[in-house]
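For this one, chain R is given, so just place chain B on it according to the hints.
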Amino acid sequence: MTERFLVEAVNDALHVEMERDAAVMVLGEDVGRAGGVFRATAGLRDRFGPDRCVDTPLAEAGILGSAVGLCMAGFRPVCEMQYDAFSYPCLDQLITHVGRYRWRTGGKMIFPLTIRMPYGGGVRAPELHDDSPETYYVHTPGIKVAIPSTPADAKGLLAAAIRDPDPVVILEPKLVYRTARGEVPEGEHVVPLGKARLAREGSDLTLVAYGAMVPVCERAADELDASVEVLDIRSLKPLDEEALLASAAKTGRVVLVQEAPRTCGYAAELAAILAEKAILDLRGPVLRVTGYDVPYPYWSIEDAYMPSVARVVDAGRRLLAF
Amino acid sequence: MAQVLPVEGDLRRVIGDGESVPDGEVAGLDESDLLELYRSLVLLRTYDERSVVYHRQGRVGTYAIFWGHEAMQAGSVHALEDDDWIFPSYRESAIGLLRGMPAATILSWWRGHPSGWWNPADYNIASICVPIATHVPHAAGLAWGKRLKGEPGCAIVYFGDGATSEGAFHEGANFAAVMRAPAILFCNNNGWAISTPVSAQTRAQTLADKAVGYGIPAARVDGGDVLAVYEATREAVRRARAGEGPSFIEAVTYRVAPHATADDPSAYIDAEQVEEARANECVGRFERYLRRLDVLTDELEQQTRADALVVMRAGIATAEAEPIPDPGLLFEHALADPPAAWEHDLAELRRILGE
Chain R
1 MTERFLVEAV
11 NDALHVEMER
21 DAAVMVLGED
31 VGRAGGVFRA
41 TAGLRDRFGP
51 DRCVDTPLAE
61 AGILGSAVGL
71 CMAGFRPVCE
81 MQYDAFSYPC
91 LDQLITHVGR
101 YRWRTGGKMI
111 FPLTIRMPYG
121 GGVRAPELHD
131 DSPETYYVHT
141 PGIKVAIPST
151 PADAKGLLAA
161 AIRDPDPVVI
171 LEPKLVYRTA
181 RGEVPEGEHV
191 VPLGKARLAR
201 EGSDLTLVAY
211 GAMVPVCERA
221 ADELDASVEV
231 LDIRSLKPLD
241 EEALLASAAK
251 TGRVVLVQEA
261 PRTCGYAAEL
271 AAILAEKAIL
281 DLRGPVLRVT
291 GYDVPYPYWS
301 IEDAYMPSVA
311 RVVDAGRRLL
321 AF
Chain B
323 MAQVLPVEGD
333 LRRVIGDGES
343 VPDGEVAGLD
353 ESDLLELYRS
363 LVLLRTYDER
373 SVVYHRQGRV
383 GTYAIFWGHE
393 AMQAGSVHAL
403 EDDDWIFPSY
413 RESAIGLLRG
423 MPAATILSWW
433 RGHPSGWWNP
443 ADYNIASICV
453 PIATHVPHAA
463 GLAWGKRLKG
473 EPGCAIVYFG
483 DGATSEGAFH
493 EGANFAAVMR
503 APAILFCNNN
513 GWAISTPVSA
523 QTRAQTLADK
533 AVGYGIPAAR
543 VDGGDVLAVY
553 EATREAVRRA
563 RAGEGPSFIE
573 AVTYRVAPHA
583 TADDPSAYID
593 AEQVEEARAN
603 ECVGRFERYL
613 RRLDVLTDEL
623 EQQTRADALV
633 VMRAGIATAE
643 AEPIPDPGLL
653 FEHALADPPA
663 AWEHDLAELR
673 RILGE
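Which chain is which? The protein sequence lines are R and B, in order. Letter 283 of the first sequence, counting from 1, is numbered 283 in this note's numbering, and no numbers are missing. Letter 24 of the second sequence, counting from 1, is numbered 346 in this note's numbering, and no numbers are missing.
Next up, chain R with everything else stripped away, as it sits in the complex (with noise of 0.2 Å):
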């Protein structure tokens, strides 16, 4: 075990597949030379070629779409999408070829690739760094999601994702990259997809989470007067529905936490779960704190838009009136 910041952990993930498996490569804007942005991929160039960590145009449908031509050509591509809302021209590819390509073939060709992107808020930046667009790729058929919101699962996530041969989006919460810091297990390290975490066992309320609006989640179950459950979702696509349904029939009452706008966003998928398939275990209504259904504001009142540990309290103690 080493202490790592998150951010660490992702670099250290793909130095250990890269090591492991020489299929696998790294390829988008920034993440050889600069070792990208956010210093994700420092080291790999140095380490593995600028063959095997690629500098590439800037173009993201580019990157996606040619990173398809690689998966057909037998490699396992990384890609990297420098920030969440710069990541949207790639979802032309996504949507018309990632997601259906195995499924034209019937099953017979794999894409085993992966994107990797830091999303979300709080990080005062310029409009367009701070977008949480996990339902766009949750909604994508033939697309596996996840969020790690701890250092040993972004690590962990990206390894399964490399390893998986479908298409594994994982977004990585940069407002916690390198203040999220823990144990990382070395060498090789996987956490499955579709299972959850319990961030924190309790009994009276679940509050439930992905992501950085986890620890935002923890510091409001120490705040409310209660037995908090705090739920972490970490793999959104495949969703340890067992997990939530047992929280949920655990505590009766579920508060859903997310980044993201409102409306049909992940927490109404979660939500329509829980009326769907517990809502005689409930003891109130489900709740959500969100961000809103507007357009993610200047950094000057961002903090406004964000789901704080105050609106996270809020909704917990109306809850638990019930």
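Honestly, I wouldn't trust all of these hints.
Derived, one-sided and incomplete: chain B residues facing chain R with beta-carbon distance under 7 Å [stated by the list, open to error]:
1) Pro442
2) Asn446
3) Ser449
4) Ile454
5) Pro459
6) Gly463
7) Leu464
8) Glu493
9) Phe497
10) Ala656
List of simulated lysine to aspartate or glutamate pairs, DMTMM-like, C-alpha gap at most 20 Å [as the list claims (entries may be wrong)]:
11) Lys277(R) x Glu670(B)
12) Lys195(R) x Asp166(R)
13) Lys471(B) x Asp55(R)
14) Lys471(B) x Asp405(B)
15) Lys277(R) x Glu665(B)
16) Lys108(R) x Asp648(B)
Everything labelled a hint here was simulated from the structure, so no lab data went into it. Every residue gets a Cβ at the ideal spot worked out from N, C-alpha and C, and that includes glycine.
Same frame as chain R, but now just chain B:
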């Protein structure tokens, strides 16, 4: 950095008109090569004409007609080796016939049936790309991957004139150039993107001009001249295999058929030009050329056409004999490791269907 060559304004031609324009010849092609090309042209033509009939009979769905595009497809494929990859658009749906793909597979694809699936690695032919130009970066990526692995071969990607307006074309072309990918960007410029003429698509004088900006050498050929297409592609393949990077070929023709079976071009197309292009269509042009060389006889022509019809009759019979696809196919191949929820979905669906 590849040297940027000036784009040729004139279209390359090999086949003459039998009168004032003399026939040329392509070095290295013997009589059996010419007849192989001819068989490919006839097979593609027969596929296309039968497909339109099958569509009218309700036996295939909406179909993208490629009548008049056969020379671009057959000429270019004959310049490839088997380890070269082909990335077709819907306009090249039947190009697999030239690599031994059963007609039934392609007909099934147009019948919207899962037996139209194939493994791209079985033929080195990617799946048919329906959205415009999005497969250009795929070809660039595959060719780049071949270079990285030190494998021989290249990738050719087919797209139309309208595709050169799409971002994916530009990103793909640029990736191919920057990565020195052994790729061939083959533009079948038939003058129309459904109802939009090339003049409304670009202010560039030629589509080949677009290659210049990427440092990619380009050639313009008469898309109705199978030998000119073959020769230009052969040169591009040589460059690719020699490590000289990608090439761009603009093959120019005029679309004489509707965009697809659902389209009525009478509202927008130039009927006179259609008639002219139809009179000069590529299969007939090559037949006349072969007759001038005394390579083609009436008997051989009839036999070639009859053979192609046999392929199509067998193909449609096989495609129509395919059982109605099981609903399980909705789920079976979408992910290597399907989630438990799908099992539930399918069980519920079967219950409701009374299965």
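How the hints compare with the structure:
1. Pro442: holds, 6 Å
2. Asn446: violated, 9 Å
3. Ser449: With Cβ-Cβ at 5 Å, under 7 Å, it holds.
4. Ile454: Nearest chain R Cβ about 10 Å off; hint violated.
5. Pro459: Where the cut-off is 7 Å and the nearest Cβ of chain R is about 3 Å from Pro459(B), the hint holds.
6. Gly463: holds, 2 Å
7. Leu464: Cβ of Leu464(B) sits 4 Å from chain R, so the hint holds.
8. Glu493: holds, 3 Å
9. Phe497: holds, 5 Å
10. Ala656: holds, 5 Å
11. Lys277(R) x Glu670(B): Cα-Cα ~16 Å, so holds.
12. Lys195(R) x Asp166(R): holds, 17 Å
13. Lys471(B) x Asp55(R): holds, 18 Å
14. Lys471(B) x Asp405(B): holds, 14 Å
15. Lys277(R) x Glu665(B): Status holds; Cα separation ~16 Å.
16. Lys108(R) x Asp648(B): Roughly 18 Å separates the two Cα atoms, so the pair holds.
When each numbered hint is compared with the structure, violations occur for hints 2 and 4.
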